[in-house]
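Spelled out, the chains give:
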Amino acid sequence: MTLPGLDPTLERVLDLAGVLVFALSGAQLAAQKRFDIVGIAALAIVTALGGGITRDVLLGDTPPAAFRDQTYLIVPLIATVLVLGGHRALERISRPVLVFDALGLALFCVVGTAKALDHGLGAVPAALLGVITAVGGGVIRDTLARDVPAIFRPDSTLYAIPAALGATAVVVLWPQDALDAVTAAIVVAAVFGIRVLALRFRWRAPTARS
Amino acid sequence: MTLPGLDPTLERVLDLAGVLVFALSGAQLAAQKRFDIVGIAALAIVTALGGGITRDVLLGDTPPAAFRDQTYLIVPLIATVLVLGGHRALERISRPVLVFDALGLALFCVVGTAKALDHGLGAVPAALLGVITAVGGGVIRDTLARDVPAIFRPDSTLYAIPAALGATAVVVLWPQDALDAVTAAIVVAAVFGIRVLALRFRWRAPTARS
Amino acid sequence: MTLPGLDPTLERVLDLAGVLVFALSGAQLAAQKRFDIVGIAALAIVTALGGGITRDVLLGDTPPAAFRDQTYLIVPLIATVLVLGGHRALERISRPVLVFDALGLALFCVVGTAKALDHGLGAVPAALLGVITAVGGGVIRDTLARDVPAIFRPDSTLYAIPAALGATAVVVLWPQDALDAVTAAIVVAAVFGIRVLALRFRWRAPTARS
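For the record, the sequence lines run as chains F, P and X.
Those letters in the first sequence? Residues 1 to 210, per the UniProt record's numbering, in order.
Those letters in the second sequence? Residues 1 to 210, per the UniProt record's numbering, in order.
Those letters in the third sequence? Residues 1 to 210, per the UniProt record's numbering, in order.
Hints are computed from structural coordinates only; laboratory data are not their basis.
Treat the numbers as computed from the prediction; the structure is a model and nothing was measured.
Think of the CB as a built atom: it goes at the ideal place given N, C-alpha and C, for glycine as much as any other residue.
Mixed in with the good hints, there may be bad ones.
Unchecked claim - Some chain P residues flagged as far from chain X (calculated, every beta-carbon gap over 10 Å):
hint	residue
1	A17
2	L59
3	A65
4	G85
5	S94
6	F100
7	L128
8	L129
9	P149
10	A185
To be verified - What the simulated footprint calls covered on chain P by chain X, stretch by stretch (three residues with Cβ under 8 Å from a Cβ of chain X suffice, anywhere in the stretch; the number is not a length):
hint	segment
11	120-127
12	152-160
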């Protein structure tokens, strides 16, 4: 899936940067849990690629994109090697990593929603698949690591909500043929901005009233 | 999938009622675990639709039915709003909800098995897909909420067993062209009845001998 | 998927032996957790067939092979009956079962990788699908039983690593048309041997450096 009007090389660089950062978050969690190399590689792969693979399986677009271009699998393997070499050192750069993670979140929800619309899905399922593309890998990561998914926890800062807002913007723009390089970049920037502000000001999502 | 001879409007009403009740059970569990709105919506969606989506992915019928008709996704979002508004109030109607849940169980196992047979599967895999349609969403719900799946626990009342009996009845009726509106209704009523009796008299499934 | 030059009857016997042993490991874990018959049957099925089903869904080869030949589902149901009848007695034969499990691991990683290559996948995704075929069922088993996947734990003996080595051997042999009955048997024997040695000498995989 390429976004309309976006330079393919730039999109690929951003895409792989998102995959790397997601992979690092999976590998780091595995190292913190003292998993061995198998657990580190497994969490790196599912965190980086699980969301997009789930989207593609649900769309019936198999084998998933992550299996057709080998680079997508090599990047999590690089993350595995980095974390094996020194996961404590990587923890010191956890703040910049969170910023790149926000970029991955923003990019993946826009690309995922656009791909689902391109496959003919309606607005609601397309937006859901966009959110799944962005956050699904993290949910699988946490479930395999036997944690409650981070995005469900009341003390987590907004993560799926900005992705849902971005996906909603895409499904609004799409039927008017208004999703182009400029509007897509604005949506990605807005999702990225909301996520970074949520991190900075500890914005949280509402819970159920008792 | 429409059941033979069943009024499509009635089937749709029953189907969506089942989806709503399953969604409420997911959203309620999320609220009890103090998940935020993201967790509540996620568990509502996977509980309501996870079984049918799993069945459709395994059959290769993608995108799943739940993504082709937007109503299926809107219903769990309504459940999310209801639970956000007051999940304690909903707990007071948990007994009637269990009765509707039994109806969803009965309907989904029959519809799921019939759809699998219609896709050419053999009796055993078709019955398994029928059971997965009925109970799969609850298993995903419990796993994401970090509980042992309720239907595996020795203190749970019969749930998958009535679904398996209903699925077995469908695979017996099907090759004789004997699955029509009347026999399907009888099977649904029988599964529903066994489940309600199991709730009432606390029937439990056997465990392994030590 | 049949391996080149391998007698189909022998391959089928080995394949079903692997399915039975994997099913027993799932059913035994369920019994140890005091799950009821539903949990025992569910873990028997997902452990035995989950890896191959995941591979087939990712390849778009649906319904999965495990649903096209009913024997694949009947074998885990037999394992369920055996464990219900006396899981303590089965524990006494846990050592020979581990040897058969190593054979299943070896066979499934070779067959799974070859099938993925046959579907046109590149070397890295094909090897990953081979490993998933061999170890994916166990990961699902442990996740449903609310355990950390055994293959991620630092105190586990090598399991996914021999499968990865076997898968790598297959992707090296394949493009040279060198995967035949003899080389496939050598790879299976090597994976089996490494796994048995890992069990005997408690070989473990590396973890991340602190």
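| task | Would you check whether the claim that P:G85 is not at the interface survives, using Cβ distances to chain X and the 10 Å cut-off? | result | holds (31 Å)
| Interface exclusion of P:L59 relative to chain X, criterion Cβ beyond 10 Å | For P:L59, whose nearest Cβ neighbour in chain X is about 6 Å away, the distance does not exceed 10 Å, so it is violated.
| Under a C-beta cut-off of less than 8 Å, do 3 or more residues of the segment 120-127 of chain P approach chain X closely enough to confirm the stated coverage? | Check passed, 5 qualifying residues.
| Would the least Cβ to Cβ distance between P:A65 and chain X come out above 10 Å? | At about 15 Å from chain X, P:A65 clears the 10 Å cut-off, so the statement holds.
| query | In terms of Cβ atoms, is chain X entirely out of 10 Å range of P:A185? | reply | holds (26 Å)
| Taking 8 Å as the C-beta cutoff, is the stated coverage of the segment 152-160 of chain P by chain X satisfied by three or more residues? | With 6 residues close enough to chain X, the hint holds.
| task | Could you let me know if the closest chain X CB is still more than 10 Å away from the CB of P:P149? | result | Violated: least Cβ distance 6 Å, not greater than 10 Å.
| Holds or violated: is the Cβ of P:S94 farther than 10 Å from all Cβ atoms of chain X? | Holds: least Cβ distance 22 Å, greater than 10 Å.
| field | P:F100 remote from chain X - nearest C-beta pair above 10 Å | value | Non-interface label on P:F100 holds, nearest chain X Cβ at 22 Å vs cutoff 10 Å.
| field | Status of P:A17, Cβ more than 10 Å from any chain X Cβ | value | holds (25 Å)
| Is the Cβ of P:L129 more than 10 Å away from each Cβ in chain X? | Label violated. Min Cβ-Cβ 8 Å, cutoff 10 Å.
| query | For P:L128, is the shortest beta carbon distance to chain X beyond 10 Å? | reply | Violated: least Cβ distance 6 Å, not greater than 10 Å.
Against the hints set out earlier in the document, violations occur for numbers 2, 7, 8 and 9.
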